[in-house]
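J.: Sequence:
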Amino acid sequence: MSEVDRRLAERLMAAASVAEIVTALGTEREPYTFASLAAELEERRSRLLGAGRPAEARLAALVLEHVRERRPVIERTAARAAWMADDPDLRRNLTEDDDPRHALETSIAELARRDQVDEALALVRRAGPLPLRPEHYADAAAARHLLADALRGAGRSAEALEILLYTSAEGPPPGPLRDSPQGLYAVARFSNMEGLLHEDVGSYELGRACYEASARAAQEAGHAGMAFEARTNLAASYAKSGRPRSAVREFRRLLQRATDAGDTGQVVASLNNVAIMSDAETARACYTRVLEIFDEHGATGISQAIAMFGLGDLAAEEGRFQHAANAYLNAYALGEKGDERHRQFVRRSLADRYERGDEVTELLGHHPAGFAGILNGGAQGVISFALGEARLKRARGDRAGAASDLRGVLGSAIAERGQGRRDALRVALDLAELLAEDPAGRQEAFDLLSGARRELLGSGDRAAVVRAYRKVWERLIALLAEHGDALRLPGGASPVELAFDLHEEAKSDEPAGFAELRARLAREDGAAFVSFLCGADATAVFVFVPATGRLSLHMIPIGRARIAEAATRLERAFNGAPDAFPPLAPLHPRRPWRRDLAFLDGLGALLDPWLGEAAGRDLLLVAADGPLLRLPLAALPAPDGRPLALSHALVHVLSATAVVRSAPAAAPEPDGPVLCAGVAAREDPAPELLERDAELFAAPGRPVRELTGTEATREAVLAALREARTAHLTCHGYFDSRRHLDSGLLLAHAGRRPTRHPSAQPVNVRHDHLLTPRDLAAAHVRLDLLTLRACSAGAQDTETAEGVTGLAQALLAAGVRAVIAPLWDVAEESSRILLAATYRGLPAEPLWRSLWTAQRAMIETPERPWHAHPYHWAALALFGSWSPT
Numbered sequence: 001m002s003e004v005d006r007r008l009a010e011r012l013m014a015a016a017s018v019a020e021i022v023t024a025l026g027t028e029r030e031p032y033t034f035a036s037l038a039a040e041l042e043e044r045r046s047r048l049l050g051a052g053r054p055a056e057a058r059l060a061a062l063v064l065e066h067v068r069e070r071r072p073v074i075e076r077t078a079a080r081a082a083w084m085a086d087d088p089d090l091r092r093n094l095t096e097d098d099d100p101r102h103a104l105e106t107s108i109a110e111l112a113r114r115d116q117v118d119e120a121l122a123l124v125r126r127a128g129p130l131p132l133r134p135e136h137y138a139d140a141a142a143a144r145h146l147l148a149d150a151l152r153g154a155g156r157s158a159e160a161l162e163i164l165l166y167t168s169a170e171g172p173p174p175g176p177l178r179d180s181p182q183g184l185y186a187v188a189r190f191s192n193m194e195g196l197l198h199e200d201v202g203s204y205e206l207g208r209a210c211y212e213a214s215a216r217a218a219q220e221a222g223h224a225g226m227a228f229e230a231r232t233n234l235a236a237s238y239a240k241s242g243r244p245r246s247a248v249r250e251f252r253r254l255l256q257r258a259t260d261a262g263d264t265g266q267v268v269a270s271l272n273n274v275a276i277m278s279d280a281e282t283a284r285a286c287y288t289r290v291l292e293i294f295d296e297h298g299a300t301g302i303s304q305a306i307a308m309f310g311l312g313d314l315a316a317e318e319g320r321f322q323h324a325a326n327a328y329l330n331a332y333a334l335g336e337k338g339d340e341r342h343r344q345f346v347r348r349s350l351a352d353r354y355e356r357g358d359e360v361t362e363l364l365g366h367h368p369a370g371f372a373g374i375l376n377g378g379a380q381g382v383i384s385f386a387l388g389e390a391r392l393k394r395a396r397g398d399r400a401g402a403a404s405d406l407r408g409v410l411g412s413a414i415a416e417r418g419q420g421r422r423d424a425l426r427v428a429l430d431l432a433e434l435l436a437e438d439p440a441g442r443q444e445a446f447d448l449l450s451g452a453r454r455e456l457l458g459s460g461d462r463a464a465v466v467r468a469y470r471k472v473w474e475r476l477i478a479l480l481a482e483h484g485d486a487l488r489l490p491g492g493a494s495p496v497e498l499a500f501d502l503h504e505e506a507k508s509d510e511p512a513g514f515a516e517l518r519a520r521l522a523r524e525d526g527a528a529f530v531s532f533l534c535g536a537d538a539t540a541v542f543v544f545v546p547a548t549g550r551l552s553l554h555m556i557p558i559g560r561a562r563i564a565e566a567a568t569r570l571e572r573a574f575n576g577a578p579d580a581f582p583p584l585a586p587l588h589p590r591r592p593w594r595r596d597l598a599f600l601d602g603l604g605a606l607l608d609p610w611l612g613e614a615a616g617r618d619l620l621l622v623a624a625d626g627p628l629l630r631l632p633l634a635a636l637p638a639p640d641g642r643p644l645a646l647s648h649a650l651v652h653v654l655s656a657t658a659v660v661r662s663a664p665a666a667a668p669e670p671d672g673p674v675l676c677a678g679v680a681a682r683e684d685p686a687p688e689l690l691e692r693d694a695e696l697f698a699a700p701g702r703p704v705r706e707l708t709g710t711e712a713t714r715e716a717v718l719a720a721l722r723e724a725r726t727a728h729l730t731c732h733g734y735f736d737s738r739r740h741l742d743s744g745l746l747l748a749h750a751g752r753r754p755t756r757h758p759s760a761q762p763v764n765v766r767h768d769h770l771l772t773p774r775d776l777a778a779a780h781v782r783l784d785l786l787t788l789r790a791c792s793a794g795a796q797d798t799e800t801a802e803g804v805t806g807l808a809q810a811l812l813a814a815g816v817r818a819v820i821a822p823l824w825d826v827a828e829e830s831s832r833i834l835l836a837a838t839y840r841g842l843p844a845e846p847l848w849r850s851l852w853t854a855q856r857a858m859i860e861t862p863e864r865p866w867h868a869h870p871y872h873w874a875a876l877a878l879f880g881s882w883s884p885t
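To convert, note that position 848 of the sequence shown is 848 in UniProt numbering; the numbers rise steadily by one, no gaps.
Do not rely on the hints blindly, as some may be mistaken.
Claimed, not checked - If you anchor each label on the Cβ, the simulated ranges turn out as follows:
| # | residue 1 | residue 2 | range |
| --- | --- | --- | --- |
| 1 | 594 | 768 | 40 to 46 Å |
| 2 | 594 | 861 | 39 to 45 Å |
| 3 | 367 | 7 | 53 to 59 Å |
| 4 | 863 | 537 | 41 to 47 Å |
| 5 | 368 | 240 | 47 to 53 Å |
| 6 | 664 | 139 | 35 to 41 Å |
| 7 | 457 | 333 | 28 to 34 Å |
Hints are computed from structural coordinates only; laboratory data are not their basis. All C-beta atoms in this analysis are idealised placements derived from N, C-alpha and C, irrespective of residue type, glycine included.
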């Protein structure tokens, strides 16, 4: 038996789906034979049975069955390989082309189809400098689309965005894509893929702009199905970004549009989507209606299977496990009659439910069709089977049996490559959690998770991988917090310091260690550094007090979902929800107490365990995380019930790494005039409210250079910033979470105000109105303070690719030392009072203390009673430098 047969058998056993099996059979370049390959697979099946590994033996049998079904393919492939081997000229003709760029793009597509993404990326780098003929543009764009899809499947979405040949933000598509319905359909597909990639890296607004572009192109091409897919993705994007009401609204619009058009396929798909976003009663009605529609038309389809799975989920939630299992099996049987895409969907859906490890798992495992359906999913199915069995055993107290099942998968060939390797990380997490319950197993759990971490850090798209598998870091930190003293740790590090370095690794691309932070803050006796890491079940809080040299770690049982819910409720309470049903108006500035904020009181537990350690330190350097970035931490109640801002000033820093990299305060330089620029958006109803802030500097008596309205252009403001050390800008902001230095402030251009919705504009149009951090850096602007008023410029995007969160942080990255920015849409009167008081305190005291003094005065002795509400005094936050300014 040849080495080629053995290697191909290995590829087939590691395949994550039937599609991968077919691809492996069709793309193997070395000659092989059906008989040898079949014999190798049969031998593997026998060995696995003898080794007591029935699930993997069943997988080998299923692979062998698919190989037998595709014997003609195998024989044609073998004949082709032999033919090429005998004809060097033919080989040369198949690999060369008169146009080298076209040849490279063709090879990129072929490698992408085979999931050889690193090889394809190498060709992308070679293709970049070469010219591309217009007639080959569409082929090249399609090749990049294929590679982007493969990269996305490998969890490398940031890299996928970089290699796209056409992006929707560039405006109208180039001629080869614009000149025919087929070209416009291609544009729709490319824009839809681009939207998915933007979502993967957290750029939900950009993703929605791409879906809108996709829907427009599909509509122009006359392709209703593609337009529906793009609009469905747009609606789903709202749900992914924490806006469920907007998602339901969009899904209902799609349902109405489909009903009006009489498109039954879109109607049933929309009903399923509405069901997923609704309460149990509405969901049951929608799923039931889907099944009725199929019965009325005597038809079958994937939407029917989705509805069956949905009704099964509702039954499982109600404890009707046999009913749930029957629904899942019926959905699986229906999907297996469809095409390959439908078969893969129902197999994955069945496997996901099997993984729960509950009564449904047992019922599915005992049913022949259910068992076969799970294992038909290839390597992913085997891993799902092992996870479900192990979780079921664990629930019944058989911890040893559960651990044995999980170890078996990790030690198998299934877990060695491709999607099987990535899915094996889920097995490792399950096994580590199980082992950590027993004191004797905690060291093995720590070593297992540490190995998974090392492997992940070696991946190409580090930021995307860490985000996808952040649970590995969370579990390691929890182990160190709870049992660190009993573990053997690398390098003799203390458990708390090692946990700190791990948490910083999860927050920063090039993390600094605790030793560097300690050295950087050595002279900051009046401050404490506090860093949060929000996990699924608990939040880790690290507190370092430079004066004492003590670092502590506290695990607080408040998870990410609860914090996110509070942040969403706060945004809704303050900014309103005009698109909801019924719509909610923004908070009335003079009646803020009419909206209940009691839900924030429970989050005071995030402060209670450690606040005593910071006693006597006026300043807290706070590195928030995840949904905490959307909350005013200064407004959370301390143990005495009063807001945190009454005992401590807060300066928001991105991370410990950002603190380490920040420059110490330089010697003061002569200060020129304050730049005060203001420009409203064309949609703002009262532009004058944003264009009269120069009077805030009257009391300090500082000279002011004023630019307002259409005079506040990108060029004029940039020129004035070169001469200023302090700037106050009243305008709207735009944050590009993928390229943070292309974020910016929206200014006037050519006598025209900017729009509040720049994401929907072509790049060149947006650029005319946008003053970016990149512009500031290139012009060597050296601002000590930049204040932003009117837009929610400080509001943080919690899922960014590079970890730079919010426009305020992007400006800091460009060299601005400190930024004051709003966390929500500020009230006109109170924000002006707060900033005027802050400016009056300068330069006699540090910026952070001047802002803190103004906030406390607004709480304790407000000019108006309603100013004591956090909506007013907590709206503006300080980011960046805490040194005297």
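J.: Decide, hint by hint, whether the structure agrees.
T.: A quick look at each hint next to the structure:
no., hint, verdict
1, 594 with 768: 40 to 46 Å, "holds, 42 Å"
2, 594 with 861: 39 to 45 Å, "violated, 23 Å"
3, 367 with 7: 53 to 59 Å, "violated, 36 Å"
4, 863 with 537: 41 to 47 Å, "holds, 44 Å"
5, 368 with 240: 47 to 53 Å, "violated, 37 Å"
6, 664 with 139: 35 to 41 Å, "violated, 55 Å"
7, 457 with 333: 28 to 34 Å, "violated, 43 Å"
Consistency note: the structure conflicts with the earlier hints numbered 2, 3, 5, 6, 7.
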